[in-house]
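Engineer: The listed protein sequences correspond, in order, to chains A and B. For the first sequence, this note's numbering begins at 1 and goes up steadily by one. For the second sequence, this note's numbering begins at 1001 and goes up steadily by one.
Hints listed in this document are in silico derivations from the structure and should not be mistaken for laboratory results. This one's a predicted model, so the numbers in the text were calculated from it and none came from an experiment. Cβ coordinates follow ideal geometry from the N, Cα and C atoms, glycine included. Take the hints with a grain of salt, since some may be wrong.
Said to hold, decoys possible - Partial list, derived from the structure: chain A residues whose beta carbon lies under 10 angstroms from chain B:
#1 G108
#2 D135
#3 K183
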Amino acid sequence: MKKLNTLHSTAIPLPIENIDTDQIIPARFLKATNKSGFGENLFRDWRYNKDGSENEDFILNNEDYSGEILVAGNNFGCGSSREHAAWALEDYGFRVIISSYFADIFKGNALNNGILPIQVSKEVLNQILHEVDNDPKTLLTVDLENQELKVESTGISTAFEIDSYKKMCLLNGYDDIDFLLSKKEKIEAFEASRTLG
Amino acid sequence: MKKTLFDKVWDSHVVDTVPDGPQILYIDKHLIHEVTSPQAFAELEERNIPLFRKEQVVATADHNVPTKDQHLPIQDLLSKKQVEMLSENCEKHGVTLYGLGHPYQGIVHVMAPELGITQPGMTMVCGDSHTSTHGAFGTIAFGIGTSQVAQVFASQCLLLSKPKSMRITVNGKLKKNVLPKDVILYIIAKLGTNSGTGYFVEYAGDVFENMSMEGRMTVCNMSIEMGARGGMIAPDQTTFDYVKGREFAPKGEEFDKKVAYWKTLPTDEGAEFDLEYEFDAADIDPIITYGTNPGMGMGITESIPEQDDPTFRKSLEYMGLKQGEQLLGKKINYVFIGSCTNSRIEDFKIAASYIRGKQKAPNVNALIVPGSQQVARQIKEEGLQEIFEAAGFEIRQSGCSACLGMNEDKIPAGEYCVSTSNRNFEGRQGQGARTILASPLVAAATAVNGSIVDISAEVETTEFAS
Ligand code: SF4
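Just chain A, same shape as in the assembly (with noise of 0.2 angstroms):
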């Protein structure tokens, strides 16, 4: 897993609500058996138009915006449970989603990916649309270490949560498996002193 601290970057809007995984990467997609290659299909149905053009009215083919920040509408990455679409995230290049509402199980497959997920009130998140939306230079910073999103231009800034195991874990690039494999003589001992739950 790829490491995160500190991030500067543009940003990408995507006022959106209730953004679910089957339109991050549609089912079509999910033939593959191995995890490269997802982030052109990030988006699919939104991006491409039926006969395979662009659609120009997506912001991904928007040239003006671009950056390692996703700041999307209410609720992201409801539904499914495919690891995919935090796959395709992360094969496009993001690092760093904004929402004011996050799916759990998304949210967890962002984490296990080095994707932090960014949860802000909707106030922020409005704000932070606003000004992306308006100036697509619009520098965003992301200080993981003091848990702070800041607009540079604006003086917007807001803290935001993260499990500390979970900091942890993105700061260093270590992943959940290192961490339960040291645990193995516990998990054997608890198998042991099972009776009947």
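Start from chain A and add chain B with the ligand according to the hints.
Structural biologist: Quick look at chain B with the ligand alone, frame taken from chain A:
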């Protein structure tokens, strides 16, 4: 301390607690399928980690399999590769596989309960969000991502923070032709699609107590559609009777011992929940959805609400529907009865009870997809096949099918499909397809009439149901 059903099962599976961090939760049963497991097996191999407890893993092929001619090689090469890779991986790691053609094969959330793999008081996971289905047995069951599939492979454990608890109580008597699917669609429409995020739900009250196991599974299945990781119903005599005698259920004295334990699981009187909701069964009508998330549901005779909101407008635009419009009489060309929500034998009995002696409308393509090989056999043995075939329905072999359209069972762009599945997201059933979620009874009635009809005005058709 007074404990909830969830507390009891969770607490008895905690191996350790990371100071200021998550807990290590032990997983009893791990179900896997072809779509979300290959990258997890690859991870093990890359890191040279053995599969820790292969006896606790069960595999099946369901998401990406054809529902026609399953005895022939799979036509789609990518699908074929994925299904073959599952077989190879299972063989290599010693995992039991109920693959294509096996008499136990089926949608993972249909086959595991019917084989008695799912039992009360367990912890179960699967790389699929509808793993919540198994909560119907008083089991902590939830969907996980592929990284977590690899974690369970490696350690039979997961690192998790304990979710908050919510209880949803529904008391009273359901109106005629209102099915478990309507109950859960109603709850989601009332509470919204992210109301359950961060929570584990317990469904309580006499509506659930009086429900069959199949109905309880339908309800728990859709817990994830309100954002909850899982939903549970306290195990009771209905649960024990269902489990008893199934292939992998405990037998004899062992079974009695288990039942004695399972009886200790229900929530203690006076235990506290972080959040409680209560609904009255008498308020629930047959529900259909009109939008692109499962929370956009309404009573079948109601009109689409008016709401000035860009996401709402975008959704209706996709569906080709207008605010204030009623869906009664709307012409429908596709009907799908299947998916892990409603493809158990009881669902098909209810559909058949309506269809018996009738014909599907000429404009409708009506697809019946059993959730498992066992259900497919029951459809034959119990005489439902003749009813469906005489009415012009097409019966397929088991799999996820048009629920997510990964195989060739897709709904064409722009067409409406009344579907018994669980998600009406944009493109879920095929690019541009428009999904209307409903109960198997509403789906059957739509197929016969060729349009959406007021099932609440029809004679009671739940005679088959228990
Ligand atoms: S039937 Fe649909 S919801 Fe259920 S497991 Fe299959 S794809 Fe998922």
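Engineer: Min Cβ distance, G108/A to chain B: is it shorter than 10 angstroms?
Structural biologist: Holds, about 6 angstroms.
Engineer: Is the hint on D135/A kept, meaning its closest Cβ partner in chain B is under 10 angstroms away?
Structural biologist: 21 angstroms, violated
Engineer: Given K183/A as an interface hint, is its Cβ closer than 10 angstroms to any Cβ of chain B?
Structural biologist: This interface hint holds because 6 angstroms falls under the 10 angstroms limit.
Checked against the numbered hints above, the structure violates only hint 2.
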